[in-house]
Amino acid sequence: MQHIRDGIMVVNTETIAGKVITQNLGVVGGSTVRAKHVGKDIGAFFKNIGGGELRAYTELLEESRSEAIARMVADASARGANAIVNVRFATSAVTSGAAELFAYGTAVLVE
Amino acid sequence: MVDPSAICWGPLLLIAVLFSILGILWAIAYPLLFLYGAVFSGRNLEKRMNNIVSRERASIEHFGKDPLSTLKGAQIVGGIHESGIVYSSVVYSPSHWQLLIAGINQLFGGSVSIIHRVIAVGRAEATQRLREQAQTAGWEDVLNVRIDTAEMTPSSVKKGPRAVEIFAYGTGVRYG
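Line order of the protein sequences matches chains A and B.
Under our numbering, the first residue of the first sequence is numbered 11, with each subsequent residue one higher.
Under our numbering, the first residue of the second sequence is numbered 4, with each subsequent residue one higher.
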């Protein structure tokens, strides 16, 4: 199962349908700052003049998002949770070409 | 005083040469790409929109309806077998030509439709990718969809790509 990582279910709804939350284990989060190498940056800069999708940056954010989720899941499993509910994401651009991704949610025990 | 012969000139020279090559390339490529943007960016946008619409039709046919909704799942009576997160994103940018036109538009105020169209296409692309993600993961419905927009380059920074990142996420469910 792709959506169950290390035995932890991750959803962004407040409850998991068909299951009952028995214990709240607090807020867990994972963040990461990533950047592409300078060649891709230059390529994206040239692509930017003509407009359209900047594939290098789409990839960058995809990678950093899955890393942020992986860290959040690691945090949750350290607390002994088996699910994370109400997950939210926040992005901030620190400088151009680097993205800070933050994923957070509530670690819970479900039955 | 530093003896000039004691400085290692090799790497410095290499960096200088690389920078000047980049500068020359920039000077040649910028006007060409700018012209390309001026001529083709509107057409490319239209092509992309048509592509998204046809993909959207295909995925609506697959699901039987639009799978995305911002509901939280309280309306479901049958019960849900499985659920999990789905997300997709796209980084989309207006061309420098479009930014120039938008700058002129801003002088007069009112709606800046040229940028609006670019963002609309980016958002349609992100939501369509979310549908496709849900399709490949085998979900039947996507609940609690949220769409976020973030700037790639902070507005305080002068240089850097002027692009927005559009990020859509939701919870995929399978009925059972």
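Rather than coming from a laboratory, the hints here were simulated on the basis of the structure.
Keep in mind that a hint or two might mislead.
Unchecked claim - Pulled from the structure, derived: some chain B residues nowhere near chain A, Cβ distances all over 10 Å: (1) Ala32; (2) Asn47; (3) Met52; (4) Gln109; (5) Glu168.
As the list claims (entries may be wrong) - Dumping the calculated PhoX-like pairs for lysine-lysine here, alpha-carbon to alpha-carbon at most 20 Å: (6) Lys46(A) / Lys29(A); (7) Lys75(B) / Lys29(A); (8) Lys50(B) / Lys57(A).
As the list claims (entries may be wrong) - Stretches of chain A that chain B covers, calculated by requiring three or more beta carbons in the stretch to come under 8 Å of a beta carbon on chain B: (9) 16-22; (10) 71-78.
Bear in mind that the values here come from a model prediction, so they are computed numbers and not experimental data.
Glycine included, C-beta positions come from ideal geometry on N, C-alpha and C.
Next on the checklist: Are any of the numbered hints broken by this structure? If so, which, sorted upward?
Outcome noted: The structure breaks hints 1, 2, 5, 6; every other hint is satisfied.
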